[in-house]
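Student: Spelled out from the first residue to the last, the chains are:
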Amino acid sequence: MKTKRIIVRLDVKNEALVKGIHLEGLRVLGKPEAFAEHYYKDGVDELLFMDAVASLYGRNSLVDLVRNVADKIFVPLTVGGGVRNASDVRALLKSGADKIAINTAAVKSPALIRELADTFGSSTICATIETIRDSSGRHYAFIDNGREPTGLDAVEWAQQLEHLGAGEIILTSVDQEGTGKGMDHALISEICKAVSIPVIAHGGVGSVEHILNAFRTTDVDAVCGASIFHYDTLARIDTESHSVRGNTSFLASGSTKKNLSATSVGAAKAYLRHNGMNIR
Amino acid sequence: MTADVSIIDYNMGNLYSISNAVKVLGYEPEVIATPEQLAAANMVILPGVGAYRDAMAALHERGLIDALRRHVAKGGRLLGVCLGLQLLFQHSDENGGVDGLGILAGQVKRFPKIDGFKVPQIQWNRANAAADSRMFAGLADDPYFYFLHSYYVEPAEANARITRSSYCDIEYCSAIEVHNVWGAQFHPEKSGEIGLQMLKNFLDQGKVDGNR
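As they're listed, the protein sequences go chains P and A.
For the first sequence, the working numbering begins at 1 and goes up steadily by one.
For the second sequence, the working numbering begins at 1001 and goes up steadily by one.
With the rest of the complex left out, here is chain A (with noise of 0.2 Å):
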């Protein structure tokens, strides 16, 4: 029986909160760590907390990289979230700079030091969806989820649903939908019932799949 959603191990990431949500969801979870396995996933979710460096150079030692592209190329779903979500993207400006995936197009740039906001920014905060956004059915208007980081992701791709959320005097992507991508800045695991109902409409997407 092949599980519903696969979520990558590359050691860095709470992985246990995230297969818990979604067990609670009535989805099957799995943790996979190698190419073989990404090969034959599913659907599969990034996750990530940590620095960008290490993070990229966990996927390299473990040969996710070329995999995770592969996944994404032939139509499979991909859900990254925080860190996951900024690994998508083509750089980031922390550890000196590092390159990352590449998937989506964009950049991930610090939050500015701005008087009266504290960095990393570590509280619930209030999420403006896209129009027609997939990933925020059936919530409603501006949720509070859960955000947990110090740098965030300016994407640049032309069809993308984006998602924004306010901090540093910024508005900012909390959140992105490019066809079989989607990313979450936010953890949906850490943010209650919405974050649970969030996760459940990218988990939901694989019954429209007729995957299973």
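The shape of chain P in the complex, shown without the other chains (with noise of 0.2 Å):
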């Protein structure tokens, strides 16, 4: 039976952890290494890294935190966001980044994933969609989290993208995401089963359920989940808050989201192997 993994994405900005607010920007939540600590020490199989405002500076800026999380954990670590060709791909691998996260550039020129495949190797490049679905139900490629279109159908796009060398793709519902409603499981179904190449789904978790149905109804090989997470990592530790800049008006507050049983690695991972899942 095939292990299924389960990964934790944090969006960086700068030295904080933030996730995308709608209305409201980036909420800053604390420190990415107190939280990767965390998750490392619970069990999470991988982490994934998104620089969250790579497209305002056109690269990726996460090469030293990448370097300091390398220092102390030693698990599998995706780094991606602005990522444009070798040169970032190279300084990322060398700070201890073990896969490379791609979508604007590669939609841009889909060679690159063909030459970043054949220079670091297949298993390096995660290519990362994200969809949403229009009226008639077919889901569309977009950058830019979510905001620019691409006009690529998202089925032909992961074809196209393992044809061209990627090792395994991240698939995220940009309708889905941020709302704790659940994941898209037949937008998840159709990428699965058009691509011989691993999926990791993401967007819409907001309960341990919402994980095991996924794995249940679809053949999905790991979800990604963000605020499920974090919410309950800040609940649980001192996220060093207090040393990073940004909004942190909602950690002021002290108030928690609603629409979401936060949940700890370890114990989503307990949920699932209890009701049969085969998880490390």
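No wet-lab data here; the hints were simulated from the structure.
Mixed in with the good hints, there may be bad ones.
Stated by the list, open to error - Heads up, simulated PhoX-like pairs for lysine-lysine below, C-alpha to C-alpha not over 25 Å straight-line:
#, chain 1, residue 1, chain 2, residue 2
1, A, K1207, A, K1023
2, A, K1113, P, K72
3, A, K1207, P, K2
4, P, K72, P, K94
5, P, K193, P, K2
6, P, K19, P, K2
7, P, K2, A, K1113
8, P, K94, A, K1200
With the hints as a guide, bring both chains together as one complex.
Tutor: Shown next as structure tokens:
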């Protein structure tokens, strides 16, 4: 039986772990290193770091963060956001990243995926696809956190990415992301059936049941969550928010996030194992 | 002061994480890239991520192929990780067929296309340790390690301790110990505390050797 993976996504702006909140911009949750170490100790399978403002600066700025994290955390690290070329990839790999996530640069020049896969190995290159469903039910790929359309059919694009040498797909449903209402099973299944490389699904996880349902209903290889874990972490550890800049008004207010059954990685895994999943 | 373990840099692999793992375990790593440095090395780790053909070309360019064979022939301890394990063998089917270092007898093959199994294998998977395995000493039964690979090794060594894992409906060799040569298909530096323990078992041999 295949082992399923639980991955936590950390969006990073400067030195802060952030969450994009509709109409609020980027909300600061604390120091990403603190969150990452907590998840590692709690048994997370992999960590995904995304540079939240890469499109603003036109590049990825996470090299220092990755180096800090790689010093103490010995599970796979995937890094993305603003990665444009082989030089960017090399810098991140040298600082401790194992896999690189690419979206925009691949859309603008698909041959880049082939070049990167040939240089660094397919297993190093993850292609990220952000999807939005149109009125007919078809899914289209977007870039820049779901803001800019590409006109590419998500399924066809996934197949092309595999053909170009991507070793894995990170599939984010922009429609579901941040809603905590569950994952888009139809989308996930369509993509899983279309490619023979592993697929990581992200977007919509609001409870452990959502994770279990995604694994039971689709053939997805890994589920990636963010808010569901971060808001639990906030309640458990000191995330050193005093040391980061940014919009910390949420943290100062002491409120909790509604519509979310926040859980720890350890508790989520125990729940999944208890329900018959093969999870490390 | 000589380093405890020398990690080979041939431009193909995540050296940073392996170096960190070695340090966290209390040992002193060094990164080496020349045959001279290899000749003076105590214990050696050959990492590797990427394509077989590129890796063999890179080793050849740096004059490391004979140096590696000499290190092993004189009894030097060697640990091959991921692609580094595969390079130890005689031949790989990757890239249309490439000859390897030939330090261990056997071939490297691609996972077959089987319904329900994705290639590359990117997941945590259990390893069923060989009896009397020193690599897995002190670890609980069938521990999970992190795998990220499309090819696997098929050893033909007579006196090997072979650890097996299951994927694509086949039992493949996920780790091997042949006297002074060890190899792991998984990434010990990415397999959490269990991976670190396995790495420690390799490094602790240096103490037993009395080399320091």
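Student: All the hints need checking, so say for each whether the structure fits it.
Tutor: Structure-based check of each hint:
no.: 1; hint: K1207(A) / K1023(A); verdict: holds (16 Å)
no.: 2; hint: K1113(A) / K72(P); verdict: violated (37 Å)
no.: 3; hint: K1207(A) / K2(P); verdict: violated (38 Å)
no.: 4; hint: K72(P) / K94(P); verdict: holds (16 Å)
no.: 5; hint: K193(P) / K2(P); verdict: holds (16 Å)
no.: 6; hint: K19(P) / K2(P); verdict: violated (32 Å)
no.: 7; hint: K2(P) / K1113(A); verdict: holds (15 Å)
no.: 8; hint: K94(P) / K1200(A); verdict: holds (23 Å)
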